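Student: Could you put the whole structure together from the sequences, leaning on the hints where they help?
Protein sequences appear in the order of chains A and B. Per the numbering used here, the first sequence starts with residue 1, numbered consecutively. Per the numbering used here, the second sequence starts with residue 1, numbered consecutively.
In case anyone wonders, no lab produced these hints; they're calculated from the structure. There could be a bad hint or two in this list.
To give an idea of the interface, some chain B residues facing chain A are shown, with a C-beta separation under 10 Å as derived from the structure [said to hold, decoys possible]: (1) Phe-22; (2) Ala-28; (3) Val-29; (4) Val-35; (5) Ala-36; (6) Leu-39; (7) Leu-42; (8) Phe-44; (9) Asn-45; (10) Leu-47; (11) Ser-48.
A quick note: this is a predicted structure, and the numbers were derived from the prediction, not measured. Glycine included, each C-beta is placed from N, C-alpha and C at the ideal position.
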Amino acid sequence: MKIKHQKIIVTGLTAVVIVCALLFAAFLFNSGRPPYDKSLRGVAWFRFNQQDSLDGWEEKIFNGRVLYSVKDGSGKGYLNAYSQQAASGILRWVKFNPKKHPMISWKWKVVRFPDRKPGIFTDSSWVEKDDYAARFYVIFPRFPFFRLECLEYVWDKDLPAGTVLDNANFPNLKIIVASSGDKDLGKWINVERNVFEDFRKYFGKSPGDVGAIAIMTDADNTASTAEAQYNDIEVGYDKK
Amino acid sequence: MIKNDLRKKKYLGTAFQKKLLFLVFAAAVIPATVVALCLYYLIFNTLSIQMFFPEAIAVNVMPVLNRVNIIIAIAIPIILLIIWLIALELSHRIAGPLYRLEKELGEIIAGNKQGPIMVRRKDEFHSLAAKINKLILKR
Numbered sequence: 001m002k003i004k005h006q007k008i009i010v011t012g013l014t015a016v017v018i019v020c021a022l023l024f025a026a027f028l029f030n031s032g033r034p035p036y037d038k039s040l041r042g043v044a045w046f047r048f049n050q051q052d053s054l055d056g057w058e059e060k061i062f063n064g065r066v067l068y069s070v071k072d073g074s075g076k077g078y079l080n081a082y083s084q085q086a087a088s089g090i091l092r093w094v095k096f097n098p099k100k101h102p103m104i105s106w107k108w109k110v111v112r113f114p115d116r117k118p119g120i121f122t123d124s125s126w127v128e129k130d131d132y133a134a135r136f137y138v139i140f141p142r143f144p145f146f147r148l149e150c151l152e153y154v155w156d157k158d159l160p161a162g163t164v165l166d167n168a169n170f171p172n173l174k175i176i177v178a179s180s181g182d183k184d185l186g187k188w189i190n191v192e193r194n195v196f197e198d199f200r201k202y203f204g205k206s207p208g209d210v211g212a213i214a215i216m217t218d219a220d221n222t223a224s225t226a227e228a229q230y231n232d233i234e235v236g237y238d239k240k
Numbered sequence: 001m002i003k004n005d006l007r008k009k010k011y012l013g014t015a016f017q018k019k020l021l022f023l024v025f026a027a028a029v030i031p032a033t034v035v036a037l038c039l040y041y042l043i044f045n046t047l048s049i050q051m052f053f054p055e056a057i058a059v060n061v062m063p064v065l066n067r068v069n070i071i072i073a074i075a076i077p078i079i080l081l082i083i084w085l086i087a088l089e090l091s092h093r094i095a096g097p098l099y100r101l102e103k104e105l106g107e108i109i110a111g112n113k114q115g116p117i118m119v120r121r122k123d124e125f126h127s128l129a130a131k132i133n134k135l136i137l138k139r
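Tutor: Next up, the structure:
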């Protein structure tokens, strides 16, 4: 084959590879996610006050489907999560630097806690105690993704607020009891956290960027029912 | 041409064979390692993103990852040994006849030997050996 033809073939193949790579990169980065409400204070604000408020949230189903729906309630909408022996969560990709904008806040209300057996925390079975009426995740992605770090804030009926649970199967996950008990059952509770300080406290190092937040209400392991409501999720703002 | 294998020693220790052995080994191991690493991270990374929630990753991905790591840790030394042996055989098929050619030419030049140079059936350089033998016979 003549050298000129070889050069043409090599150039052509190189051009095809470059175009394919650019298309693939465009596909990766253009997720087509709808924009979120611009927060008055920070990066993003999720109010769930319109029927399409769940657009842009992705659902991950693990064991049956939890019903996540936007409800209208006395002039202000909210996200309702109803789990009938099910476990699925919803996530939203939102990036911000917690060093610059460390605060996040949300409101949650527990309507019904999952039914745990008495003395569940003396049981060595991690699986069975892993049901919470309300969970709020702050995800710090890493490469590869299975090395991600996560702060998971939960509302637990039994454990006192401030308790931190480690997961032996996943050391990069810290479960923090942000709200506790059933005395506030049926009431909206406002939670505000400094994720930068929480990360430093529980992981012993400074965090990278937050990549996503997520919500889950589950009752599959206890084979019971749980229900919670969420609203006014605001992420990435400065402490007053 | 010799049909039977007269050279039992695969590793001759010549600089040429060492270089060839390293090249063949590297040519097999380096691309395979790159591809394997890319696949390893692509698969587990994609799976983890799909699972997303740490509890799901902990229950579904991490046990598989740990098991795969154990299998890889056991398999890699065995695979490397096999590749090394194949590389040794391939380098021997090239370095061996070159070594024999050089050695026998030396003996012919020194007058210690007259006959044609022999090469094994599976060795390289049959054509070269044949031409050298013609040259020797012309003398």
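Student: Hint compliance check: list the failing hint numbers for this structure, sorted ascending.
Tutor: 1, 2, 3, 4, 5 and 6
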